[in-house]
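**Student:** The hints should help you fit chain L onto chain A, whose structure is shown.
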Amino acid sequence: MNGRLLRVAIVDDEPLARLAVRTRLACRPGFEVVAEYADGDSAALGLAALRPDLVFVDVQMPGRSGLAALAALPRAIRPMAILLTAYEGFALQAFELAAIDYLLKPIDDERLDEALERARRAFPYSSSASGGAAPAQWARTFSVRVGARTVLVEAAEVEHIEADGDYATLHAGGKTYLVRERLHALALRLDPRQFQRVHRSSIVRLDMVAELRALTNRDAVLRLRDGTLLRASRTYMPALAEALERRAHFPLPTPSVSKVA
Amino acid sequence: MREATPPLIPVLVALPVIACMAILGLPAIGHGHALAFRTLFIVACVAWIVPLALLQRALWRRDVKWLPTALALLAASYAMSVLNNLLGQRLAIELGLVKGYRLDELTMGLDGCWLALIMFCAVHAGAVYYLGLQRAQLRLAQALAAARDAELRALRLQVNPHFLFNTLNAVSALVAAGANRDANRMIGRVADFLRATLAHDGRHEHALAEELALTEAYLDIEKVRLGARLQLSMKAGPDLLDAAVPYLMLQPLVENAIRHGIAPLAAPGRLDILVGSEGGRLLVDVRNDGQPDAARDGTAGAGIGLANVAERLRRLYGADQQLDAGWREGRFAVRIALPLRALAQPAANDVDVAA
Chain A
23 MNGRLLRVAI VDDEPLARLA VRTRLACRPG FEVVAEYADG DSAALGLAAL
73 RPDLVFVDVQ MPGRSGLAAL AALPRAIRPM AILLTAYEGF ALQAFELAAI
123 DYLLKPIDDE RLDEALERAR RAFPYSSSAS GGAAPAQWAR TFSVRVGART
173 VLVEAAEVEH IEADGDYATL HAGGKTYLVR ERLHALALRL DPRQFQRVHR
223 SSIVRLDMVA ELRALTNRDA VLRLRDGTLL RASRTYMPAL AEALERRAHF
273 PLPTPSVSKV A
Chain L
2 MREATPPLIP VLVALPVIAC MAILGLPAIG HGHALAFRTL FIVACVAWIV
52 PLALLQRALW RRDVKWLPTA LALLAASYAM SVLNNLLGQR LAIELGLVKG
102 YRLDELTMGL DGCWLALIMF CAVHAGAVYY LGLQRAQLRL AQALAAARDA
152 ELRALRLQVN PHFLFNTLNA VSALVAAGAN RDANRMIGRV ADFLRATLAH
202 DGRHEHALAE ELALTEAYLD IEKVRLGARL QLSMKAGPDL LDAAVPYLML
252 QPLVENAIRH GIAPLAAPGR LDILVGSEGG RLLVDVRNDG QPDAARDGTA
302 GAGIGLANVA ERLRRLYGAD QQLDAGWREG RFAVRIALPL RALAQPAAND
352 VDVAA
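Line by line, the protein sequences are chains A and L. Residue 23 is where the first sequence starts when you use my numbering, and the numbers rise one by one after that. Residue 2 is where the second sequence starts when you use my numbering, and the numbers rise one by one after that.
If you want a taste of the chain A side facing chain L, the calculated C-beta under 8 angstroms gives, among others:
1. Leu126
2. Pro128
3. Leu237
4. Leu251
If we take Cβ atoms under 8 angstroms as the criterion, some of the chain A residues that face chain L in the derived model are:
5. Asp131
6. Gly187
7. Glu233
8. Asn239
9. Asp241
10. Thr250
No wet-lab data here; the hints were simulated from the structure. All of these numbers come straight from a predicted model, not from anything done at the bench. Ideal Cβ positions, reconstructed from N, Cα and C, are used throughout, including at glycine.
Only chain A is shown next, with the shape it has when bound in the complex (with noise of 0.2 angstroms):
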């Protein structure tokens, strides 16, 4: 799968909260736990000494912060994180110590699957998943079976993707379909220049937002052409606004097969 393990480190006050980290992260393959710590400043020698490839940092904690010890580290030698917060409102000190990606307590496990994927790809020894390596051809149908048949449902026609458990539902032309593939792998299979991940739990067609209405949490409310109504979480506006206005300068021709170099 890759070159070797991510060494990973975890630093919160609270055991059990260690406990949820490292329980998760031993049902995933291309991961080792090399240390824990229970306070900034044995968070701060430590990680200088074992210098682990990620770290996950509690940023509240008593005495020292998490974010501290992290920050009081050399650039060089400065792991990359991943930040556990109860409350949110610590996203900009998250994007100022370049942190990869920040969880919300209790953790969800697909943001968790999210947040290391997003570690793999940008640890620079792993051999796969690297981040500009894109499928040479974006996916152009969907085989579903329906009872005893098998449709084949053209990408183009999808309107939007809902995840539903470890399948997912095409909704298109009104009617849906069940897919034995979870939403995160699907995302990867889709064109970015038409098809925008934004939520945990739903993918939309561009072409067919026609409001986008902005909550006070930060998240949005989209609404289709078809009247239906999405959530947009705050993690994906960034992306799903450049995407948006990438449409609005340079509108595709018609939703087709596109290749990328």
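**Tutor:** Showing chain L alone in chain A's frame:
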């Protein structure tokens, strides 16, 4: 106990009284000494107004009844007028018009000063009374608003605990059954929903977009429980996302729809939320599949949630709202009609992306 009135009131009241005296004194101009007498009386009256106003306020502060107050003020102003006459005689002596004081004439021709001072007291009393009445009305209105606010808050609070304990129960069931992944998922969704409700600033209304997002956060929890058995659609007409709706109006309805409608069904059930508008009314429809004869009788079986929402709508909009619920074509349907108005948004950052 009367509340303090601003000291500006007697000043404002004194102005027209003085003006009246000045105007009445105009014919005296050019009649030699008459002008001097008039000027003396006006100045004296202005001087008397100060202790008179203080006396009046002191009587109010002590909550003296109106009759003793009136008598005391009449007596005080009478004494002041008599002293004015005394000053007038003094002036006449100075000017050489008369030889000495004539005490028998002291009580004659008091109308000029006494009437002016009585007028001042009357207008002062009237102004203060009016002001007090206005304040009392304002306080009453505020008290009523606070009471309404508290009642609405109490109604709203009924929503959350009910839902919370049901969800905790579901999480506990998932843990007991060893469905760790689902238990985790549900805990995550509950956290999302709690974050969304805790972020609320306490207003009774918010934008439809916020309400729908909150409802979806709640439905995410139910989706974990029901999986494919819950089929959901949520649609809205154009330009309605800013419309003002009561906070947490949909959640109890949706909870009912699932608990009493879809959850007892063996087959997958649909839940549709449709928002539209018609002639200045916002129309919200919540429809769900269900078994009309299940457990309770159809119309009244929707539990406390529906009654709670109806009560909140009534308190927020009075007669200007409607809530109809019942079985229609084999589905349970709730329709709410509200006055359609956009929520006042201090920092609207809407982006219109319709190309």
